[in-house]
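Enquirer: These protein sequences, in sequence, are chains A and B. For the first sequence, the positions run 0 to 270 when numbering that gives the first Met the number 0 is used. For the second sequence, the positions run 0 to 245 when numbering that gives the first Met the number 0 is used.
These aren't lab readings, by the way, just hints derived from the structure by calculation. Hints are supplied without guarantee of correctness; some may be wrong.
What the hints assert, rightly or not - For the chain B half of the interface with chain A, some residues (derived, Cβ under 7 Å), not all of them:
#	residue
1	Asn59
2	Gly67
3	Arg69
4	Phe72
5	Gly113
6	Phe115
7	Gly116
8	Ala118
9	Phe122
10	Phe145
11	Ala148
12	Ser152
13	Ile196
14	Gly200
15	Phe201
All of these numbers come straight from a predicted model, not from anything done at the bench. For glycine and all other residues, C-beta sits at the position ideal for the given N, C-alpha and C.
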Amino acid sequence: MKSFDELSLKEIVDEVQDGFILGIPADYSGVPMKFTKELIKKGVKNLKLYCLPLTTIQGDMLIGSGCVSEIEAAAVTLGEFGMAPRFSEAVENGKILIKDSTCPALHAQLQATEKSVPFMPLRGVIGSDIQKHRKDWHVISNPMKSSGVKEEPILLLPAVQLDILVFHAPCSDRNGNIQIGRRRELATLAHASKKVFVTVEKVLDIDFFEDELSAATCLPALYVNGISIVKNGAWPCALPGVYSSDNEELKKYSLAAKTKEGFGEYMRYCL
Amino acid sequence: MILDIQREELLISQLADLLKNDKHVAVGAASPIPGAAALLAKEEAKFWNKRLRVTILHSNKYNNFTDGARELFDCAAQGRIDTFFLGGVQIDGQANINLVGTGEYPKIKKRFPGSFGSALMYFVVPQIILFREEHSPRTLVKKVDFISAPGVSERGVYRPGGPKYLLTNRALFKFNKNLQKFSLFKINEKETVKNLIKMTGFNFDLDNKISQMPNPDTNRINILRNKIAPMVSEFYPEFANRIWGI
Numbered sequence: 000m001k002s003f004d005e006l007s008l009k010e011i012v013d014e015v016q017d018g019f020i021l022g023i024p025a026d027y028s029g030v031p032m033k034f035t036k037e038l039i040k041k042g043v044k045n046l047k048l049y050c051l052p053l054t055t056i057q058g059d060m061l062i063g064s065g066c067v068s069e070i071e072a073a074a075v076t077l078g079e080f081g082m083a084p085r086f087s088e089a090v091e092n093g094k095i096l097i098k099d100s101t102c103p104a105l106h107a108q109l110q111a112t113e114k115s116v117p118f119m120p121l122r123g124v125i126g127s128d129i130q131k132h133r134k135d136w137h138v139i140s141n142p143m144k145s146s147g148v149k150e151e152p153i154l155l156l157p158a159v160q161l162d163i164l165v166f167h168a169p170c171s172d173r174n175g176n177i178q179i180g181r182r183r184e185l186a187t188l189a190h191a192s193k194k195v196f197v198t199v200e201k202v203l204d205i206d207f208f209e210d211e212l213s214a215a216t217c218l219p220a221l222y223v224n225g226i227s228i229v230k231n232g233a234w235p236c237a238l239p240g241v242y243s244s245d246n247e248e249l250k251k252y253s254l255a256a257k258t259k260e261g262f263g264e265y266m267r268y269c270l
Numbered sequence: 000m001i002l003d004i005q006r007e008e009l010l011i012s013q014l015a016d017l018l019k020n021d022k023h024v025a026v027g028a029a030s031p032i033p034g035a036a037a038l039l040a041k042e043e044a045k046f047w048n049k050r051l052r053v054t055i056l057h058s059n060k061y062n063n064f065t066d067g068a069r070e071l072f073d074c075a076a077q078g079r080i081d082t083f084f085l086g087g088v089q090i091d092g093q094a095n096i097n098l099v100g101t102g103e104y105p106k107i108k109k110r111f112p113g114s115f116g117s118a119l120m121y122f123v124v125p126q127i128i129l130f131r132e133e134h135s136p137r138t139l140v141k142k143v144d145f146i147s148a149p150g151v152s153e154r155g156v157y158r159p160g161g162p163k164y165l166l167t168n169r170a171l172f173k174f175n176k177n178l179q180k181f182s183l184f185k186i187n188e189k190e191t192v193k194n195l196i197k198m199t200g201f202n203f204d205l206d207n208k209i210s211q212m213p214n215p216d217t218n219r220i221n222i223l224r225n226k227i228a229p230m231v232s233e234f235y236p237e238f239a240n241r242i243w244g245i
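Make a model of the complete structure from these sequences and hints.
Expert: Here you go:
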């Protein structure tokens, strides 16, 4: 049946080394929560989280557990359940470095890597304090006559390559193609990552490429280094189209994580 | 019949009034009131034989995008979105918004989630409506501690979009781009101009025709409660439950 060897979750976790740039999907694109908890158990250190473009409980938990030294994001929040308390505490006390960004910039930096060009221009942002504090960003004057206004100041963003990306998806086919549906930012993340691992709810004994509809909504296996079957792998986050978020649990986390002690207790229970 | 109108319903109604000329309204993160307003305006547009397209980012159902999360920004940059909503931990008199935190960056005192997509959306969407429920000297400040996105830009910077309105619990302001200043336009029936001046950290002008925020009529309230509320509960369940008990 399968034309790929399934990995255990532990084998995926072991791929993550201290200091890696780890790609983090947004709460709407398949958060690998089971993987994240295993990663915390392993005690990985100094991760640099690259969020596309934001993170919720996943980032907050990793930060609270001391796994993170740096985070690049447009937002860290628990959404309807308020602020991400461990993130806020860590930033306020200088425990982690936050590279404040804005959503389209986080997309564009990965798009540069997709195309293997050194930078990507982006409009907007100029005159903001985000731009002022990002020494890795540059403003130049538009050198092109053919488009836009010549001499228009325009922002250039460096290409960013991730060391590793892990996300959770509804299923793969027997050839290791991953169903991502409309969550195309997962393809952007995968294209820009040295290694990609996916946890899935199940493996289907079909070939996504035999049908135009499923072919258009999958991430081809050529970008995927390994797959592990992990049931309910996004819980308590939602897996769009499969299950919704467990709001009771998210609320419980948001209340517990308000203090260091509460967070510690929650993590002991959930690990 | 006198309706018992909730504060949130009044705000939804004010926002819906500002969307009447739009063809495409998009709603970003953490925005249940703008989301409800956009869906309400869409429903009401049908009476005038008009079509309003609404894209709600945090919904699977009311979302028109298939090209991933970047499509909102690409779509906005192409000029295909007429109205978008932005908030702020702080908003100042020049319409600069701060979504990052208070205190001197990077040694921030109180950290908030972050700037989201504001630093592009504020530049490219023609009608940005700033929305912040809390109207106090703490939220509406003389100068923001961190500029997530500037209210105005220098000449030469590509900027077809920008702030048009600011709505709070207490009032609705228009933004005058040339004067780089807000002017008071509508006030909540429980408010006075004098109190608003006291509660606002920045100076603002007074419009020559200041009026009261109109309450939504029975018809609008019925649509909102019967038709829109269940839709909102799909993408903001906590909010819908709190306001409408569904």
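Enquirer: Now look at each hint and say whether the structure bears it out.
Expert: Now for the hints, and whether the structure bears them out:
no.: 1; hint: Asn59; in the structure: holds, 6 Å
no.: 2; hint: Gly67; in the structure: holds, 3 Å
no.: 3; hint: Arg69; in the structure: holds, 4 Å
no.: 4; hint: Phe72; in the structure: holds, 4 Å
no.: 5; hint: Gly113; in the structure: holds, 4 Å
no.: 6; hint: Phe115; in the structure: holds, 5 Å
no.: 7; hint: Gly116; in the structure: holds, 4 Å
no.: 8; hint: Ala118; in the structure: holds, 4 Å
no.: 9; hint: Phe122; in the structure: holds, 4 Å
no.: 10; hint: Phe145; in the structure: holds, 5 Å
no.: 11; hint: Ala148; in the structure: holds, 5 Å
no.: 12; hint: Ser152; in the structure: holds, 5 Å
no.: 13; hint: Ile196; in the structure: violated, 28 Å
no.: 14; hint: Gly200; in the structure: violated, 19 Å
no.: 15; hint: Phe201; in the structure: violated, 18 Å
Hints 13, 14 and 15 from the list above are not met by this structure, while the remaining hints are.
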